[in-house]
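Using numbering that gives the first Met the number 0, the letters of the sequence shown correspond one by one to residues 0 to 128.
Careful: at least some of the hints might be erroneous.
[Said to hold, decoys possible] Now the in silico label distances, taken between C-beta atoms and shown as ranges: (1) Leu79 to Lys27: 35 to 43 Å; (2) Ile8 to Glu80: 15 to 23 Å; (3) Phe92 to Gly9: 20 to 28 Å.
[To be verified] Think about it this way: if two alpha-carbon atoms lie no more than 27 Å apart in a straight line, the pair counts; the simulated DSS-like pairs of lysine-lysine are: (4) Lys3 to Lys95; (5) Lys95 to Lys19; (6) Lys27 to Lys3; (7) Lys19 to Lys64; (8) Lys64 to Lys121; (9) Lys122 to Lys95; (10) Lys121 to Lys27; (11) Lys19 to Lys3; (12) Lys27 to Lys122; (13) Lys122 to Lys3; (14) Lys3 to Lys64; (15) Lys95 to Lys64; (16) Lys122 to Lys20; (17) Lys95 to Lys27; (18) Lys20 to Lys3; (19) Lys121 to Lys20; (20) Lys121 to Lys19; (21) Lys122 to Lys19.
Please keep in mind that the hints were generated in silico from the structure rather than gathered at the bench.
The beta carbon of each residue, even a glycine, is placed where N, CA and C say it ideally should be.
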Amino acid sequence: MTHKYINFIGLDFNNIAVMKKTFTGFEKRIQINNDDFDDELFYFCCFMDYFLERHDSVSFPAYYKFCVSLDTYLYSLMYLEENTSMTNLIGFFPGKLFWHTVDNGNDDVFYILLSFYMNEWKKGRSSDE
């Protein structure tokens, strides 16, 4: 596999891109403020996999700091290389995900998504194994 996307402190966006190609969608759907959230929810679940592979739990402040660090890192890379974008660096544009969870500082949304992750994503993935 060619490494087209970055690896950010152990979160390999190349692996996420491979998973995204085979992802068929969620059985249940979530909307936030009448906004379809399927793609963003996929990436949120990948972020949670990353956290929970390393730690026993994840909190909103930890997720928030991770996303702010990722965002800052991406912007610094885009500053250094003029003709690049977030999509070129990580395979998607995290604007809507960061808007609903980080920019608004909304821990309620985070915990709703975390509950969805635990009840749908982890349950579905453990039944696939």
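Going down the list of hints, with the structure as the test:
In this structure the supplied range 35 to 43 Å holds for Leu79 paired with Lys27, their Cβ-Cβ distance being about 41 Å. Hint check: Ile8 to Glu80, Cβ distance near 20 Å, so the stated range 15 to 23 Å holds. The hinted range of 20 to 28 Å is satisfied by Phe92 and Gly9, whose Cβ atoms lie roughly 22 Å apart. For the suggested pair Lys3 and Lys95, the alpha carbons sit about 23 Å apart, so the restraint of at most 27 Å is met.
Proximity of Lys95 to Lys19 is assessed by CA-CA distance (about 17 Å); at most 27 Å being required, the pair is judged to hold. Taking the CA atoms of Lys27 and Lys3, the gap is near 31 Å; set against the 27 Å cutoff, the hint is violated. Straight-line distance between C-alpha atoms of Lys19 and Lys64 comes to about 24 Å, which keeps the hinted pair within the 27 Å bound. At most 27 Å may separate the alpha-carbon atoms for a hinted pair to count; Lys64 and Lys121 meet this at roughly 23 Å.
Taking the CA atoms of Lys122 and Lys95, the gap is about 25 Å. The hint holds against a cut of 27 Å. The straight-line distance between the Cα atoms of Lys121 and Lys27 is roughly 14 Å, inside the 27 Å bound, and the hint therefore holds. For a cut-off of 27 Å, the pair hint linking Lys19 to Lys3 stands: about 15 Å separates their Cα positions. Distance hint between Lys27 and Lys122 is fulfilled; the C-alpha atoms sit about 13 Å from each other, no more than 27 Å.
This hinted pair does not check out: Lys122 and Lys3 have alpha carbons roughly 30 Å apart, beyond 27 Å. A threshold of 27 Å between alpha carbons decides the hint, and for Lys3 with Lys64 the separation of about 25 Å falls inside it, so the pair holds. Between Lys95 and Lys64 the CA atoms are separated by roughly 17 Å; this keeps the pair inside 27 Å, and the hint holds. Restraint check: the Cα-Cα separation between Lys122 and Lys20 comes to about 20 Å, which is no more than 27 Å; the hinted pair holds.
Our distance criterion of 27 Å between C-alpha atoms is met by Lys95 and Lys27, whose separation comes to about 19 Å. Annotation: proposed proximity of Lys20 to Lys3 holds, straight-line Cα distance about 15 Å (limit 27 Å). Taking the CA atoms of Lys121 and Lys20, the gap is about 18 Å. The hint holds against a cut of 27 Å. Only pairs whose Cα atoms come within 27 Å are accepted, and Lys121 paired with Lys19 is accepted, the gap being roughly 16 Å.
Our distance criterion of 27 Å between C-alpha atoms is met by Lys122 and Lys19, whose separation comes to about 18 Å.
When held up to the earlier numbered hints, the structure conflicts with 6 and 13 and fits the remainder.
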